[in-house]
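Same order as they appear, the protein sequences are chains A and B.
Going by our numbering, 97 is the number at position 97 of the first sequence; the sequence numbering is gapless.
Going by our numbering, 20 is the number at position 20 of the second sequence; the sequence numbering is gapless.
Honestly, the hints are just simulated from the structure, not real lab data.
Check the hints yourself; a few may be wrong.
Mimicking DSS-like on lysine-lysine, the simulated pairs with C-alpha atoms at most 27 Å apart in a straight line are [as the list claims (entries may be wrong)]:
no. : chain 1 : residue 1 : chain 2 : residue 2
1   : B       : K135      : A       : K175
2   : B       : K72       : A       : K175
3   : A       : K63       : B       : K83
4   : B       : K91       : A       : K323
5   : A       : K306      : B       : K83
6   : B       : K83       : B       : K72
7   : B       : K79       : A       : K63
8   : B       : K107      : A       : K290
9   : B       : K109      : A       : K139
10  : B       : K107      : A       : K306
11  : A       : K368      : A       : K202
12  : B       : K107      : B       : K29
13  : A       : K63       : A       : K290
14  : A       : K175      : B       : K107
15  : A       : K139      : B       : K83
16  : B       : K91       : A       : K290
17  : B       : K29       : A       : K106
18  : A       : K308      : A       : K202
19  : B       : K135      : A       : K139
20  : A       : K372      : A       : K199
21  : A       : K323      : B       : K79
22  : A       : K61       : B       : K83
23  : B       : K72       : A       : K306
24  : A       : K308      : B       : K135
25  : B       : K135      : A       : K306
26  : B       : K79       : A       : K175
27  : A       : K308      : B       : K72
28  : B       : K135      : B       : K107
29  : B       : K29       : A       : K308
30  : A       : K371      : A       : K358
31  : B       : K107      : A       : K169
32  : B       : K153      : A       : K308
Since we're looking at a predicted model, the values are computed, not measured.
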Amino acid sequence: MSGAKALISALEKEGVEVIFGLPGGANLPIYDALVGANVRHILVRHEQSASHMADGYARIKRKAGVCFATSGPGATNLVTGIATAYADSSPVVAVTGQVPLNMIGKDAFQETDIIGVANPCTKYAFQPRSPAEIPETVKKAFYIAESGRPGPVLVDIPKDVQTAEAEMKFPDLIKVRGYNPSTEADLSEVGRAVELILKAEKPIIMAGGGVILSGAFAELQALAELLMVPVVTTFKGKGAFPENHPLAMGPIGMHGHAEANKIIIEADCILAIGARFSDRSVGRFDEFGKGMSIIHMDIDPAEIGKNKSVDVAIVGDVKSSLKTLVKLLSKKIPKRASESPWLRRRKELIQYFSETIKDYPRDITAKKSLKKLRELLPAKGIVTTEVGQCQMWASLHFDVIAPGTFFSSTGLGTMGFGFPASIGAKAAAPNVPVVDIAGDGSFNMTENSLAVSVLDKLPVIVFLMNNYMLGMVAQWQRTFYGRRYSGVHQHNCPDYVKIAEAYGAQGIRAQSMTELEKAIKSALKSDVATVIDIPIDPDEDVYPFVAPGTGLKDMIVGG
Amino acid sequence: MATTTTPQTGTAGQPKGNWYIVSALVENKPGVLFRVTNLFRARNFNIESITVGSTEQQDLSRMTITTNSDEKTVEQLIKQLRKLIDVVEVKMLDIDNTVYRELALIKMKAVEPSTRSEIINYATIFRGNILDIGKENITVEITGSPDKIDAFKNLVEHYGISQLARTGVLALQRGLDN
Ligand SMILES: Cc1ncc(C[n+]2csc(CCOP(=O)(O)OP(=O)(O)O)c2C)c(N)n1
Numbered sequence: 001m002s003g004a005k006a007l008i009s010a011l012e013k014e015g016v017e018v019i020f021g022l023p024g025g026a027n028l029p030i031y032d033a034l035v036g037a038n039v040r041h042i043l044v045r046h047e048q049s050a051s052h053m054a055d056g057y058a059r060i061k062r063k064a065g066v067c068f069a070t071s072g073p074g075a076t077n078l079v080t081g082i083a084t085a086y087a088d089s090s091p092v093v094a095v096t097g098q099v100p101l102n103m104i105g106k107d108a109f110q111e112t113d114i115i116g117v118a119n120p121c122t123k124y125a126f127q128p129r130s131p132a133e134i135p136e137t138v139k140k141a142f143y144i145a146e147s148g149r150p151g152p153v154l155v156d157i158p159k160d161v162q163t164a165e166a167e168m169k170f171p172d173l174i175k176v177r178g179y180n181p182s183t184e185a186d187l188s189e190v191g192r193a194v195e196l197i198l199k200a201e202k203p204i205i206m207a208g209g210g211v212i213l214s215g216a217f218a219e220l221q222a223l224a225e226l227l228m229v230p231v232v233t234t235f236k237g238k239g240a241f242p243e244n245h246p247l248a249m250g251p252i253g254m255h256g257h258a259e260a261n262k263i264i265i266e267a268d269c270i271l272a273i274g275a276r277f278s279d280r281s282v283g284r285f286d287e288f289g290k291g292m293s294i295i296h297m298d299i300d301p302a303e304i305g306k307n308k309s310v311d312v313a314i315v316g317d318v319k320s321s322l323k324t325l326v327k328l329l330s331k332k333i334p335k336r337a338s339e340s341p342w343l344r345r346r347k348e349l350i351q352y353f354s355e356t357i358k359d360y361p362r363d364i365t366a367k368k369s370l371k372k373l374r375e376l377l378p379a380k381g382i383v384t385t386e387v388g389q390c391q392m393w394a395s396l397h398f399d400v401i402a403p404g405t406f407f408s409s410t411g412l413g414t415m416g417f418g419f420p421a422s423i424g425a426k427a428a429a430p431n432v433p434v435v436d437i438a439g440d441g442s443f444n445m446t447e448n449s450l451a452v453s454v455l456d457k458l459p460v461i462v463f464l465m466n467n468y469m470l471g472m473v474a475q476w477q478r479t480f481y482g483r484r485y486s487g488v489h490q491h492n493c494p495d496y497v498k499i500a501e502a503y504g505a506q507g508i509r510a511q512s513m514t515e516l517e518k519a520i521k522s523a524l525k526s527d528v529a530t531v532i533d534i535p536i537d538p539d540e541d542v543y544p545f546v547a548p549g550t551g552l553k554d555m556i557v558g559g
Numbered sequence: 001m002a003t004t005t006t007p008q009t010g011t012a013g014q015p016k017g018n019w020y021i022v023s024a025l026v027e028n029k030p031g032v033l034f035r036v037t038n039l040f041r042a043r044n045f046n047i048e049s050i051t052v053g054s055t056e057q058q059d060l061s062r063m064t065i066t067t068n069s070d071e072k073t074v075e076q077l078i079k080q081l082r083k084l085i086d087v088v089e090v091k092m093l094d095i096d097n098t099v100y101r102e103l104a105l106i107k108m109k110a111v112e113p114s115t116r117s118e119i120i121n122y123a124t125i126f127r128g129n130i131l132d133i134g135k136e137n138i139t140v141e142i143t144g145s146p147d148k149i150d151a152f153k154n155l156v157e158h159y160g161i162s163q164l165a166r167t168g169v170l171a172l173q174r175g176l177d178n
């Protein structure tokens, strides 16, 4: 069997159903082996979108998404998507072609040292040097990508290794000597956590992306309801907890809810679950958590103490840690009452900020649009976002109800991520409506994926909040550079309705709330992708806002 | 890469204070050294010396890393190293319970007979070896703690060191359970 055939068989054995990719000289044997294979290949228009699609697919399936690219430029085009997946701990297996072994190091045509390039943004990068290594390499790649703290893995296969023949053995089990991801929580540490929680008067749960990655939704809810404590999330953790739940307070951080930012600094004990204390979430490391006890649950031991020293660390899969914690706690306490001074404080803060923060005065605003989308989109609908104000408005004004149905490029902040990722999500969940909450600048970066959405029948909705600007940068220039705009105007921006139509998708412009309502309903019924172009005021800012380098207490509440 | 700076010296003449030795067993294959050193750079870890060489096990290499930083940073360094898939085992060595050595080759100007005999004398006291003598120079080999090498270097500096090469620290924990 050839190396290329072995690759495809190994992928089939891993249960891979969809591959996003684009061929070229160095992966022709792989594409040849795809003919007649039992996998769906989705041809992308740019490899960056292939890696984002694989990422979006992975976040919904919670197993590795796969993308293919040729050597050199194909491989480097994948890198932004790989780095995005790395920053958000998403399992992606990227397979690249490489120049033949005897050409490596000779600056051959389309040669890039992709192993070197990918090293800092993958969990591991393999380069099998003989065809017989391929089955085991693929097995290892999936194991590493999906287990522990998930992440991307690259497999770079020289062209002659793809064509060479060998006797193939497909292992059922593999071991990687230097890799032992921890799963079971240490019981003594859980016991110490229980003590701290029971001692606290104003405890709070801060749920991060780890809750979503491990699917610990029920456990998190059980814990919150047992303790009757407010739940905030990080932005990556948005949707780890139903945002319409009476204990939910939504995301904290740079563009978190004001009441969430306020309450977390008033807490006396923080239970951080699958959250990495990113600067975007907690502001200044030196300020955050002062005078509070901090319990940190995470699967990655290296996250413990990286940004924040903690009182108790529980290392392991957060789902199993939470199970143990809930079990121990429920033995110690009866179910708590739904009224307490601390919960009254929660209500008070929500009330206060809902009266203080005024919506932007215009018929159609980002906030109103997103509330309308929430109203009309079924609870199980999946939402992705682009990057910028659109993303932060989504953080603030779009409540996620069904856990795990929202995701965004939160770690790397990659413009152009949301749209291809939404197509990947649609491939993973074809019967669920999928919406990309977009800004015009971001959508512009990967809008050619409209071709994929239309031709491969993966209809998604692009909810384009169009301010004809690189809005978030413009907001920073308004706020921090005295309105000196530089490089933010999207002059001659295209007509997105026509763009959609040119690709065979549906384009609708919605200039009033009534038009928007109609557009959303039509998009939800459509069997092709729909771009809803919603012109909003370029001056509409996102508030509240925690300026970079400041602490949560310095939040700016309004313009 | 393998530069060595002076560790802080405690009263017993032993490096003390913020000096740490980390020992790692890694897969013996191409790319591993790159992954490790790239991690140091990317995570902003300040490494003093790193040595890599073969071990009693054919497929494993040992890396000895010394650093002068605070305990939290070293803990984080170890955790990040552990995350590397090619790194099989990492630990911080307890300096009091560790044997460690560095080797230095020092080439000095030595034209006068008196200078030569002085240098040879010093080398003997430091249990060093004379590796090479030319008409105008002497090359000495000194093995020992980085401190000892520093001390020798300070002693002979005024003769004019024309070249110096240090290996970085090699270390093994005492006792059997290693
Ligand atoms: C690939 C990439 N380039 C640049 C940036 C910096 N950046 C962050 S937000 C932003 C503006 C985004 O504009 P748009 O997509 O129109 O969204 P808006 O802020 O207007 O909602 C830019 C340029 C980025 N995050 N990603």
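For each hint, the structure was consulted:
1. Restraint check for K135/B and K175/A: the C-alpha separation of about 59 Å exceeds 27 Å, so the hint is violated.
2. For the suggested pair K72/B and K175/A, the alpha carbons sit about 31 Å apart, so the restraint of at most 27 Å is broken.
3. Only pairs whose Cα atoms come within 27 Å are accepted, and K63/A paired with K83/B is accepted, the gap being roughly 21 Å.
4. About 31 Å separates the Cα atoms of K91/B and K323/A, which puts this hinted pair outside 27 Å; it is violated.
5. Distance restraint check for K306/A and K83/B: the Cα-Cα separation of roughly 13 Å lies within the 27 Å cut-off, and the hinted pair is therefore satisfied.
6. As the CA atoms of K83/B and K72/B are separated by approximately 17 Å, the hinted pair is consistent with the 27 Å bound.
7. The hinted pair formed by K79/B and K63/A meets the criterion: a straight-line CA distance of about 26 Å does not exceed 27 Å.
8. The hinted pair formed by K107/B and K290/A fails the criterion: a straight-line CA distance of about 55 Å is larger than 27 Å.
9. A hinted pair counts as satisfied when its Cα atoms are at most 27 Å apart, and K109/B with K139/A does not qualify at roughly 60 Å.
10. About 43 Å separates the Cα atoms of K107/B and K306/A, which puts this hinted pair outside 27 Å; it is violated.
11. The suggested pairing of K368/A with K202/A is violated, with an alpha-carbon distance near 33 Å, which exceeds 27 Å.
12. Distance hint between K107/B and K29/B is unfulfilled; the C-alpha atoms sit about 34 Å from each other, more than 27 Å.
13. For the suggested pair K63/A and K290/A, the alpha carbons sit about 38 Å apart, so the restraint of at most 27 Å is broken.
14. For the given pair, K175/A sits about 49 Å from K107/B by alpha-carbon distance, which is inconsistent with the 27 Å threshold.
15. As the CA atoms of K139/A and K83/B are separated by approximately 19 Å, the hinted pair is consistent with the 27 Å bound.
16. Of the supplied pair hints, the one linking K91/B and K290/A is violated, its CA atoms being roughly 31 Å apart against a limit of 27 Å.
17. With a CA separation close to 21 Å, the supplied pair K29/B and K106/A stays within the 27 Å bound.
18. Pair hint K308/A plus K202/A holds up; C-alpha atoms about 20 Å apart against a cutoff of 27 Å.
19. A hinted pair counts as satisfied when its Cα atoms are at most 27 Å apart, and K135/B with K139/A does not qualify at roughly 63 Å.
20. Note on K372/A and K199/A: the hinted pairing is violated, with a Cα-Cα distance of about 42 Å set against a maximum of 27 Å.
21. The hinted pair formed by K323/A and K79/B meets the criterion: a straight-line CA distance of about 26 Å does not exceed 27 Å.
22. For the proposed pair K61/A and K83/B, the alpha carbon gap of about 25 Å is at most 27 Å, so the pair holds.
23. At roughly 9 Å between alpha-carbon atoms, K72/B and K306/A fall within 27 Å of each other, so this suggested pair holds.
24. As the CA atoms of K308/A and K135/B are separated by approximately 60 Å, the hinted pair breaks the 27 Å bound.
25. A hinted pair counts as satisfied when its Cα atoms are at most 27 Å apart, and K135/B with K306/A does not qualify at roughly 56 Å.
26. For the hint pairing K79/B with K175/A, the CA-to-CA distance comes to about 21 Å; that is within 27 Å, so the pair holds.
27. Proximity of K308/A to K72/B is assessed by CA-CA distance (about 11 Å); at most 27 Å being required, the pair is judged to hold.
28. Between K135/B and K107/B the alpha-carbon distance is near 13 Å, which keeps this suggested pair within the 27 Å criterion.
29. The suggested pairing of K29/B with K308/A is violated, with an alpha-carbon distance near 35 Å, which exceeds 27 Å.
30. Distance check on the hinted pair: K371/A and K358/A sit about 15 Å apart at the alpha-carbon level, within 27 Å; holds.
31. With a CA separation close to 56 Å, the supplied pair K107/B and K169/A exceeds the 27 Å bound.
32. The hinted pair formed by K153/B and K308/A fails the criterion: a straight-line CA distance of about 41 Å is larger than 27 Å.
Violated hints for the displayed structure, listed by number in ascending order: 1, 2, 4, 8, 9, 10, 11, 12, 13, 14, 16, 19, 20, 24, 25, 29, 31, 32.
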